[in-house]
Every structure is written in C-alpha cells, then in structure tokens.
Amino acid sequence: MSVITYRQALRDTLRAEMVRDENVLVIGEEIGVFEGSYKITEGLLKEFGPRRVKDTPIAEEGFVGAAVGAAMLGLRPVVELMTINFSLIAIDQIINHAAKIYGMFGGQTSVPLVIRTPGGGGQQLGATHSQNIELFYSFIPGLKVMAPSTPAEASSMLRAAIRDDDPVLFLENLGLYNSKGEVPDDYAEPENDDAATIGRAAVTREGSDITLIGYSRMAMVANQVAEKLAEEDDISVEVVDLRSLRPLDRQTFVDSVKKTGSAVICEDDWLTYGIGAEIAASIQEGAFDYLDAPVRRVAMAEVPMPYAKPLETAALPSIESISTVIKETLSAVGKRVG
Amino acid sequence: MADTAKPKGGTARASTAKRRTRKDTTGLGNEKPETLLDYYRQMLFIRRFEERTGQAYTQARIGGYCHLNLGEEATVVGLMTALQERDYLFTNYRDHGYAIGKGMDPKRVMAELYGRTDGVAKGWGGSMHMYDTETRMLGGYGIVGGQLPLATGAALAVTYRGGDEVVMCQMGDGTTNIGAWHESLNLAKLWNLPVVFVVINNFTGMGTTVDMSSAEPELYKRGAAFRMEGERVDGRDVLAVRDTAARLVERAREEQTPFLLEAWSHRQKGHSVVDPAKYRTEEQRDEARSDENDPIRIFDAQLTKAGVLTDELRDEIAASVKAEVAEAADFAENSPHPDPSTLFDYTYATPVPNESRRMPADPVFAE
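Note that the protein sequences, when read in sequence, are chains A and B.
Going by this note's numbering, the first residue of the first sequence is number 72, and it counts up by one from there.
Going by this note's numbering, the first residue of the second sequence is number 2, and it counts up by one from there.
Because the hints were derived from the structure by calculation, they are not lab data.
Yeah, the Cβ is synthetic: ideal placement off N, Cα and C, and Gly gets one too.
Among the hints, a few may not be true.
As the list claims (entries may be wrong) - From the structure, some residues in chain B lie toward chain A, with a derived Cβ separation under 10 Å:
(1) Arg62
(2) Glu113
(3) Met131
(4) Gly141
(5) Ala156
(6) Glu184
(7) Leu194
(8) Ile297
To be verified - Which stretches of chain A does chain B cover? Using the computed rule of at least three CB atoms under 8 Å from a CB of chain B, they are:
(9) 174-188
(10) 194-200
The following block holds chain A by itself, in its conformation from the complex (with noise of 0.2 Å):
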C-alpha cells in the first residue's frame, strides 16, 4: 500500500487507462497546455499528444456532444467539465442525447463516455460555482453516476468508469482533491484489473447505534463524524458510502438501518427534493419497522451559496451539525447521548 492524494489517484488512473487502451482520448477545457484546472491531466498532453489530449474551446454543449458522437463510433472519451456547474450548459448533450442513445434507438449504439467534473462548496467561489447538482444526472435512466470519496475508490471507480460502455457522469470534489489515503501499489499499473462495482454502496465504517450516509465528500466527512463521536461520546456510528448515485444500491444502506434502528443522511447538495430525500424515502418502504425514529437529513441551507466566508460556512454541513442530529436523533429514541 501507499499514500496518496485523491487527484494523483485519478490523475495516474486516467494515465494507466490510456496507455492501455488507444480508444481512451480526453477532451475538455484547459486539459491539454494549462493540464488541467485541477492539474488532473498533469503531464498527458506531452505523453499522449495533442490526438489524445484535446484541448477544446469554452463550449461545454459542443465538445460533450462531439464526445457523445464520437463515444457511439467507438471512442471511448473521457470529458472534464471544469466543474459540475458548467455541466448546465451542456445538459441538453448529457440528458437528451448520452443517455438516450442507447434506448432510444433499441440498443444499436452504446455510448462509453465519462464525464469527470468536480463539485463541493466551500472554497468561496460564490453562488454559481458551489452547487451539488449530481442530482439532475442522478435522476436519470440511461447514466450512471459515481462519487468516490478516498483515494482508493477515486482509481477502482474511474477504470470502472472508462471501461464501462454507458455513460459515466464521474463527480469529483474539490475538497477531496488533496485528501490522502491509501491505494494498492499497482493503482498506476495499466496491467491492473481492479475496477469497483458500479452500482454498489459501501460500509466503510461498521457501527450498532446509527446509520450515516453520504457520498462523495460528504462520505468522508461522515467517518470523521464517527471517529469524533466514538472516541468523545461513546457512540458507535455506521457509515455508509452511496458510492453510486446511479444505480442506487438501496440494500446496502437498509441493512445497515435494519440494524441500527436509525438514520442520518449528509448531503452537500440541497435538502428540498435532494439526494436524502430519496434514500430516506427508500429507508421508510424499506426498513419501516426497524425504524426508532424519524430519518434525519443535514444538507446545504437553501440559498444561492454567499461568498462571504461566515456565510458559506453556516451554510454547509459540518461534523458538528451533522453531530448534533445524530445526538439529537438518538435522544429521541431513548438512546444514551454522551
């Protein structure tokens, strides 16, 4: 094992799948020359050359629609959208026509195109550079959506990614990028097979009084969460890591509910019909009878997010609202609270 950042997972990953496979090219905005807004393509465009490594002009509808078009030849494209903001622009591609090819057209063209963007608040960008809009891609038949949180998963779940032939709306986070951890020393090695299960949630942490859920950095945070009350409060928390927005592997985090008797969900994205809404949905049809107590949901505050830094921290989940709510939760249900 070694330790590295979730950005030189994905980085090195990206590099491995394209020396491995000639189909794989990536296209997106300052990928090439600048390598990266987010240093992700650090290095490819020396490597691979300007073929393979396709710096495009700002026009987000235009090169994810060429990437969908050249997906359905057989290329295997994988986009950066510079972040998931800048996806709206080019929603028409993702909604209408990536995720509609394949059925609409009674399954004669796949189409193997990741989109990799980054979401996440926190980093004072203002209003229309912090939204978790995961949400729109999720909804929809015809993509998968992943959201790794730790390094580890960011290389399983991106050669899952490109070797899939759907399309993959890949979401990052800017506060994960420099996040550590551990990974198989073969991670970087085109020769490495170990590509995670679309489609599948994961316990990452186990625990008896409460289930947390989250995903992406949410999923990080959460564990954190456990860890904090574990050690200060004697309270043992089970996280689970969604993993996968699309599918959505409902048993996973309803096992661990029929198991606990309650749950909180942590999501950056907003609470009002947002992703908690959906799994505490799934909770009540699923583990109606194990429940102890009303499912609890810590999400962003429902404004455009402010640039002023008091103002967007009040607004984001922290570990200590989404502490209360698991103290608040388990008080209601007669549970001991440290």
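Mind docking chain B on chain A? Use the hints.
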C-alpha cells in the same frame, strides 16, 4: 430553370445547376436515363410513403409527433445520392425520407412509425428517431440542434482513426440560431473535420419565418464566422442538389474540412401532420403547394420533355411505388407490438447491480 438563390436574392448559385441550364435545354446534362428514372422513382416513393404515413397517423396507427418530407423529395434524394455508403448521416426529426434514402428498408421504417418490433429501432424511437448502424444513418434527433455536436464528434472519431468517411449533418433553417450550431461549426472548422452541414431551408421553423428568426437570413453565409465555405442550392432540383452536395462531400473528404450547404424548398404542408398551418396566408400556401414548386412535377416535366419518362413508364413506376408502399404498410401492420417484458432491455449496455426494473406499482424492495 429556377433561380438557385431564391431566398433574399443571395449571390451563391450552384454552379453545376447553372452549367446545365446554360448548355442544354432539358437541364439534365448527360445523365443516364436509368439514373434519372431511379431518382424519379425514389422521389415519388418518398412522396407516396409520406402520404401513406400521414394517412396512417390520422387513423391513429402512428402516434407522437410526425413530420413529413413532402416538398423536400428532391433535396432528400439529391443529398443521399451524394454520399458514399460508408459515409455517416445525422438528421433532425424530419427523417423518414432520409432513412429510406440512406438505405434503410422502407418496411422497417414504416414498422418503426407503427411502433413495432420490426421497426429500425424496435419501436423505441418512432418517427423522429430513425436509426440504423448498418446503413450508417445515425439518427433522427428530436431536439433541434442536438445532432450537430454528435455529427461533429462522429467526424472526430473518423479522423482519430485516420478513416476517409464523411459525416453529413442535416438540419432545418431554425437550427442556425441555436447555440449548438455555433459551437459545432466552430469545433468542426477548428479541428478540420470532414462534416458537411446541410441546412434545409423551407423558410419556416414551425410557424416562424427565417426573416423573423435570423439576423442573417442568408443562411449559407452563416459559416463565414467560422471561415467555412457555404453554398446554396435550389432544393427542388435533384441533380443540382446531388452535384453540389457531392462536390462538397468529396472536398470534405479530400481537404479534411467542413462545409455548409443550404438547400431551399417548400414545405407543402404544416410543420407536422397535425398542423393546419393557419399562420400561412392563402398566397403562401398556394405557393408552397404549386406545381412549379413541386420537385416531383418539376422533374417529371423535365424527364418527359427529354423523352426519358413516357406515359407508360410513369404509370409503371407509379404502380410499383404504390405497391411497395402498401407492402411497407402491411408489413408494419402485421409486425408484432413489443412485449412489456422487454421494457428494461435497453436502459444500459453494460449490466450492473441495482439497476431498477420496477414497474410503476411495484414496491421499491421486492420481497
């Protein structure tokens, strides 16, 4: 011979059409009679096929939206005969004629319209979404402008592999105002891609005229912003369309660069089958449906004058077209409806765990 530059008196004229009109009185050049008759038959076939489609729609055999190529037959046949078999085609939703022209079996096109299992997309696409990998007609698209980035990307894949195929991307006049138009033409020129963008100008996007929607209504000039050569051709003239399109297609193949072609013709009926086109004045309607603007009547008169088409041949062709269209309708009528058990067959190409196969009333967790 009609002026090739009808809209707004533009300056681009298809040189091939001019050459023919100058040098011979028939306007047919040295074309072989069998080629001319083949085009005539193809055009007539599309006319009758579309009429049958409109009829089946009003009889509720066909659902959804349904846009016909009536009045556009010379353009369709001219464009499709300009392509090589290996070339790719992307179109908008007015796609039945193009599908047939690119080589799809009309029976399977009609079956798609009927939503049956023998349809080209197994009943998943319908009128707006004809598709066939075999003949390289890569869709019929219902979203205006949606096909432009896709066609651009297909051409990117061709050049990525060093292939010599050309991509043709058909669209309507209204498409020239959408963002995807600008982004795609820019990318295609910037990346030196072999695409021919073809604008079918029937002067009206649904009910909105080109003058109402385009600040530059001379549509073939709109490639200028991307240093893309554009030409306009009289879309009622099948040979002019074929010659102009073929020249641009072969130049795209040779020079590895995109071109823009505008072909104008009249939409004989409403935007779709259900549109009575009340926004047209009587004068406009009469013009769109007049004999002098009907590509089949124009071609018929040319072929008759040249002695290529005789009364006997005309009857023969009409009868064979009628029979083949009837056969397509029968085939569609008798093709099975898709079974609801196949509902989840085409959501994903790579199966993964936890794909939803829940029917509307099913519980989320099946016991």
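Taking the hints in turn, this is what the structure says about them:
Evaluation of the Arg62 of chain B hint against chain A yields a violated restraint, the C-beta minimum of about 20 Å exceeding 10 Å. For the restraint placing Glu113 of chain B at the interface with chain A, the shortest Cβ-Cβ distance is roughly 9 Å, inside the 10 Å limit, so the hint holds. Annotation: interface hint on Met131 of chain B holds; nearest CB of chain A at approximately 9 Å, less than 10 Å. Against a cut-off of 10 Å between C-beta atoms, the interface hint on Gly141 of chain B holds, since the closest Cβ of chain A lies about 9 Å away.
Taking 10 Å as the C-beta contact cut-off toward chain A, the hint placing Ala156 of chain B at the interface holds, the least distance being around 8 Å. Checking Glu184 of chain B against chain A by beta carbon gives a least distance of about 3 Å; that is within 10 Å, so the hint holds. At its closest, the beta carbon of Leu194 of chain B sits 9 Å from a beta carbon of chain A; the interface hint therefore holds under the 10 Å criterion. The closest approach between the C-beta of Ile297 of chain B and any C-beta of chain A is roughly 31 Å, which is over the 10 Å cut-off, so the hint fails.
Here's how the stretch 174-188 of chain A fares: 10 of its residues keep a CB closer than 8 Å to some CB of chain B, so the rule of at least three is met and the hint holds. Figure legend: the stretch 194-200 of chain A, annotated as covered by chain B; annotation inconsistent (0 residues with Cβ-Cβ distances under 8 Å, at least 3 required).
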